[in-house]
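As they're listed, the protein sequences go chains A and B.
Going by this note's numbering, the first residue of the first sequence is number 1188, and it counts up by one from there.
Going by this note's numbering, the first residue of the second sequence is number 111, and it counts up by one from there.
Calculated directly from the structure, the hints in this document are not laboratory data.
Heads up, a few of these hints could be off.
Said to hold, decoys possible - Here are the simulated SDA-like pairs of lysine to any residue, each with C-alpha atoms no more than 25 Å apart in a straight line:
#1 A:1189 x B:175
#2 B:484 x A:1641
#3 A:1231 x B:163
#4 A:1300 x B:195
#5 A:1258 x B:425
#6 A:1195 x B:425
#7 A:1324 x B:169
#8 A:1504 x B:240
#9 B:496 x A:1333
#10 B:275 x A:1445
#11 A:1216 x B:157
#12 A:1231 x B:192
#13 A:1215 x B:163
#14 A:1258 x B:345
#15 A:1215 x B:189
#16 B:350 x A:1333
#17 A:1190 x A:1269
#18 B:401 x A:1363
#19 A:1595 x B:169
#20 A:1333 x B:165
#21 A:1269 x B:157
#22 B:132 x A:1214
#23 B:345 x B:425
#24 A:1300 x B:165
#25 A:1324 x B:457
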Amino acid sequence: MKKENIQKILEDLLTTGGDFAEVFYEEKKSKSFVYVDNLLDELKTSYRQGVGLRLAKDKQMFYAATNDLNKTNLTKVILDLKNNLNSPIIYSKVSLNRLKKYQPKIEECYSDKEIKEKLENINKIIRSKCSKINQVKIMFLENWQKVTIANHTGLYVQELRPLARIYIEVFFKDGSKDADVYFSKGLNDAKVLLDSLDFNKIADDLIQSGLAKLKAVPCAGKVMPVIIGPGFGGVIFHEACGHAMEATSVADGLSVLTGALNQKIASAKVTIIDDGTIPGEWGTTIIDDEGAKTQKNILIENGVLKNYLIDELNNRKMHLKPTGSSRRESYCYAPTSRMNNTYLAPGTDTFSDMVKSIKLGLYAKSLGGGCVSTETGEFNFACTEAYMIRDGKIAEAVKSASLIGNTKEILKEVEMVGPNMELGPGMCGSLSGYVPVNVGEPFIKVGHILVGGEEE
Amino acid sequence: MKNKLINLALESGIVLEILENKSDVTELSFLNDEEKSFQITNVTTYNIKAIKNNQCTQIVTESLKRPQEIIAALENIFTILDNKNPNYLTKGYIKGKKIPNEPLDYQMVKKDFLSLNSLKKDYPLISSLEMSFAHLKNTTEIKNTEALKYDEAQYNEYSIAINLKKDDISKIAYVTYYSTHYDFANFKKLVIEKIENLLLKMNSSSCLTQKYNVILTNNVMADLLATFSSMFDAKKIALKESFLTDKYQEKVFSDKLTIIEDPHFKEGIIAELFDDEGTNRTYKEIIKNGKFVKKINNLEYAIKNKEEATGNANGVSNLYVKPDDNSFASLYQDLEEGIIIDEAYGWHSGVNLKTGDISLQSEGLLVQNGKIVKGLNMIIISTNLKELLNNVVKIGNDLSKSRLSIFAPSILFKDITIAGKE
């Protein structure tokens, strides 16, 4: 979209007497490879192009999304938005700054043919190592999203956001028993992603986990101490407190953490950070979806709640400075405060000391997704690979189970935190759609969590 | 623009079919007595199916303005793709019934939704009401050199999150409802029922971990069916990604259970005439008296399996568990001792579609001697789809209204493990 057209749209939106107007223009190209059953089954491309127009007055927000960019349609859409505000017409002049462009440095990626060969090779490596493998599925995704954001203050910025992710799923079968395991990693540089991973080691780890899961027995269903593995295990904090710290729910008094600023809400071992600036990471962007620079935000420090994740409009309700955390899936969504790369800062406790300290408990080596009610603080997440701990030792593998808890209780139950923090990629769904996020943590020991399973 | 693209592709030996989806949505949201947001969305998407030399692929785009780029992208895919999937384009002419635009008075909608705040007088424990209403209109057109098919759908979506607070206890419940015509009265009725139910659970606690007789209410059953609906898909089965792999034509569930897809289901909100490949959607029994009798497919897998195309290129439409004649009261009477599960959370992560394992955060009511004795929360339903659907005792007649095109009645099950804190 041309600068003068954007300016005109902003001026048109402001004639309503609105006090905030924004244009978000997006172009996105995606390419996805699906290698399954020993062949490249799918190679799909998609292209998206559209605009999101946002108008606000006080605490009310009006939003329009369209991919019909012709003048007649845009005029109609703007009129539909304006009809919500019955104020007398006000004329405002908007003068956009010079366009500021941001783009991370990345290497040129392999050709589609070369990517296919790499996926073939990964498939061969995995299948050659174990006869109990029933299926291997490898997905590789490349995105190029270009966003242009302008608002009534003159802000006019653009960012090109490349993103790539590999997802490997291996399914094992042994007689009537079956098990599935997966590996996933996402970065902004597709070539670095493919070059930096040791697929031999990844295959060995997946096979070790898969064979253990084939022998898994039902888990004991009860409250017990749980050690959670590093990386995607950090989803516990994403669900337990991350969503409850987003202004989306805090500003409206709909979070269990509303009004808890500067209060001790967690064990002193807990320091939680949301950092949108970590170079190259899956959840990183240079600017957020309101055009502000992303930041490293310390949310909980040594157990004390220090900040929330705040976007421009919720800043009006909370009177707290925006944190560069405004995100949206696409132009179809109005942005709101969301997480980027959220992790628990490392500590000094060792994994072996954690195991030794437990008479009967669970070692949740890897976790799947989860969800939370920010109002009640009740959350759950799925445990995808787990082992019982008996008398201070890792014992039998147990079947997948959900772990459930409450934000206020679980944060106080973090008893030990290990030294090596890892990040794990995921897609987080909320009010403004699905956005790429990392969750992360080192090994941690939680005193008590309810584990789904059978009567022991 | 579509004809230009189709003709240009033909010059490269590619035959094209263009599926155009237009979506128009108006959405309003409210928090208590405030109008929170108003959103309009009009988006057009083109799904282009292309066939060349016995290979088929698809690309998705929101713009047809650069036809040369689209052709180049397709040519590139054809040189790389391994999957030799013979396919064909749809034929014929269908002009679906044009649904007249229902002029909705959004001022009336606002007034209706804000009027729900008056429930706070009758139910003083209500601490917040988060509400939204959406009016959606979708049109679908499939075009190729030998076909033109058109259909449209229009419906309303109502949802609310009801938060009740008493001292330090906070409870939340959600209601979602769909209607073809504006029907606030029925939505309000469901909201009141949900508040009454939530009041029973204000002083909830957990339970002992053991096997219980359990009623899964219709909304929970609909979520279960929606989560597992892809297990009937021929592609998932062929790629060993379904719980039902190797189980075709076998008895997999209780003989009390029949699962049907009927595009013209009388309880349905929308009736789709054809799928995204133009294949007619038809009535079919998928699970009949516990036996897996029909796989659903797209054209690729219909051809690969030498089976009839079932019209499920984009999943199921109006899928339901066949209800029986039993009222919910009769299920409750037969439960005598056990648990009613009326909410379950984390369906995207707490179930395994390949193994059928289920482990879900749930809440509900504990029933002893035929009476509700307390609310339950912080409990986990721990089972497997095979175990659950083989332990059916009695099926209700109360079809759910919580999903757009998936329906189920409440069902009484025996011997299901519920994990609790006590």
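Which numbered hints fail: 5, 6, 9, 13, 14, 16, 19, 20, 21
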